[in-house]
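*Asks:* Sequence:
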Amino acid sequence: MSETRAAIMHCPFCADEDLHPAEALFSAEDASRSVEQHGGWECRSCLRVFSVKLLGLSTRRSAG
Numbered sequence: 117m118s119e120t121r122a123a124i125m126h127c128p129f130c131a132d133e134d135l136h137p138a139e140a141l142f143s144a145e146d147a148s149r150s151v152e153q154h155g156g157w158e159c160r161s162c163l164r165v166f167s168v169k170l171l172g173l174s175t176r177r178s179a180g
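Read in order, the letters of the sequence shown are residues 117 to 180 in our numbering.
Check the hints yourself; a few may be wrong.
Cβ-Cβ distance ranges computed for the label pairs, FRET-style [claimed, not checked]:
(1) A179 with H136: 38 to 44 Å
(2) S178 with E139: 32 to 38 Å
(3) L173 with M125: 17 to 23 Å
(4) E139 with G172: 22 to 28 Å
(5) L171 with F129: 18 to 24 Å
(6) L173 with C130: 27 to 33 Å
(7) A179 with I124: 15 to 21 Å
(8) G172 with D134: 25 to 31 Å
(9) G155 with D134: 14 to 20 Å
(10) E133 with G155: 24 to 30 Å
(11) G155 with C130: 17 to 23 Å
(12) L171 with E133: 36 to 42 Å
(13) P137 with R176: 30 to 36 Å
By construction, these hints were calculated from the structure, which means they are not laboratory data. Backbone N, C-alpha and C define an ideal beta-carbon position, used for all residues, glycine too.
Could you put the whole structure together from the sequences, leaning on the hints where they help?
*Replies:* Here it is in structure tokens:
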């Protein structure tokens with residue numbers, strides 16, 4: 117897998133496009149936040165901080 121992340125285009129909560137990497141926002145000492153060290157995103161529209169994780173690839177194909 118790639119060591120870098122691809123930029124996501126929309127917030128999964130509000131669908132806004134005002135997204136920024138969140139690593140610089142939270143330090144490891146801040147125990148009140150539960151943002152992963154790498155891969156976090158900040159939506160400056162709805163103020164949510166989130167991460168996106170790929171679980172794997174499906175082996176099933178849709179009937180169509």
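*Asks:* State the violated hints by number, sorted upward, taking the hints as numbered earlier in the document.
*Replies:* 7, 10, 12
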